[in-house]
Amino acid sequence: TQLLEQSPQFLSIQEGENLTVYCNSSSVFSSLQWYRQEPGEGPVLLVTVVTGGEVKKLKRLTFQFGDARKDSSLHITAAQPGDTGLYLCAGVGAGGTSYGKLTFGQGTILTVHP
Amino acid sequence: ETGVTQSPTHLIKTRGQQVTLRCSSQSGHNTVSWYQQALGQGPQFIFQYYREEENGRGNFPPRFSGLQFPNYSSELNVNALELDDSALYLCASSLIEVADNYGYTFGSGTRLTVV
Chain A
1 TQLLEQSPQF
11 LSIQEGENLT
21 VYCNSSSVFS
31 SLQWYRQEPG
41 EGPVLLVTVV
51 TGGEVKKLKR
61 LTFQFGDARK
71 DSSLHITAAQ
81 PGDTGLYLCA
91 GVGAGGTSYG
101 KLTFGQGTIL
111 TVHP
Chain B
1001 ETGVTQSPTH
1011 LIKTRGQQVT
1021 LRCSSQSGHN
1031 TVSWYQQALG
1041 QGPQFIFQYY
1051 REEENGRGNF
1061 PPRFSGLQFP
1071 NYSSELNVNA
1081 LELDDSALYL
1091 CASSLIEVAD
1101 NYGYTFGSGT
1111 RLTVV
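Just so you know, the sequences run in chain order A and B.
My numbering numbers the first residue of the first sequence as 1 and each following residue consecutively.
My numbering numbers the first residue of the second sequence as 1001 and each following residue consecutively.
Because the hints were derived from the structure by calculation, they are not lab data.
C-beta atoms are modelled at their ideal positions from N, C-alpha and C, and glycine is treated no differently.
Fair warning: there could be bad hints in the mix.
To be verified - With the Cβ distance kept under 8 angstroms, some of the chain A side facing chain B (calculated, not the full set):
{"hint": "1", "residue": "Val-28"}
{"hint": "2", "residue": "Ser-31"}
{"hint": "3", "residue": "Gln-33"}
{"hint": "4", "residue": "Pro-43"}
{"hint": "5", "residue": "Gly-53"}
{"hint": "6", "residue": "Glu-54"}
{"hint": "7", "residue": "Thr-62"}
{"hint": "8", "residue": "Gln-80"}
{"hint": "9", "residue": "Gly-85"}
{"hint": "10", "residue": "Val-92"}
{"hint": "11", "residue": "Lys-101"}
{"hint": "12", "residue": "Gly-105"}
What the hints assert, rightly or not - With the C-beta cut set under 7 angstroms, the calculated list includes, among others, these residues of chain B facing chain A:
{"hint": "13", "residue": "Phe-1106"}
{"hint": "14", "residue": "Gly-1107"}
{"hint": "15", "residue": "Gly-1109"}
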């Protein structure tokens, strides 16, 4: 069974602060994907990282995939109230019965106060 | 692109009843998967269908079953509903050959409440 440990579970910060969310696993994934989910909606893809060591930037968001393709991080610079939401990391199964299956972390509920 | 649509959006059922949830995949996608999400938690994989066959299943009992149709729409059926089945049920579609690079498209979900 593939598991993804996501931390922290809750983050409550002031506008302008920086933050990092971590996702760790003992399993190798084909890719690691980050989603954001608003209340009453489904998750929406932010980014996907495929290559070990890969770093992707999306405006104030920086995503990194570990060299061994088992872990990932999301760093937000100068957080804004509009960043508030549930952030989910998800690993895509690399093969066999896990092929194409998304394994999600527990999620991080981020609240950015004005 | 029409996205992924799910119906109904909300549903209330009584313990012991059966329920069918429906999903219409995004055009061009060949894989549909279903997830159960408790409030404030990450979604849990139920099963996945590729070309109308189940090709992966999570840790859910057999009373959770599904179908994928030739037009890539899908159903999730749950028999003998239990109170713990109350959750948001999400459908996601993808073109599995490129899912690593393009991700999955999720519907807005069906909120199921079992009383």
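Quiz item: What hint numbers does the structure not satisfy?
Solution: 1, 5, 6, 7, 8 and 9
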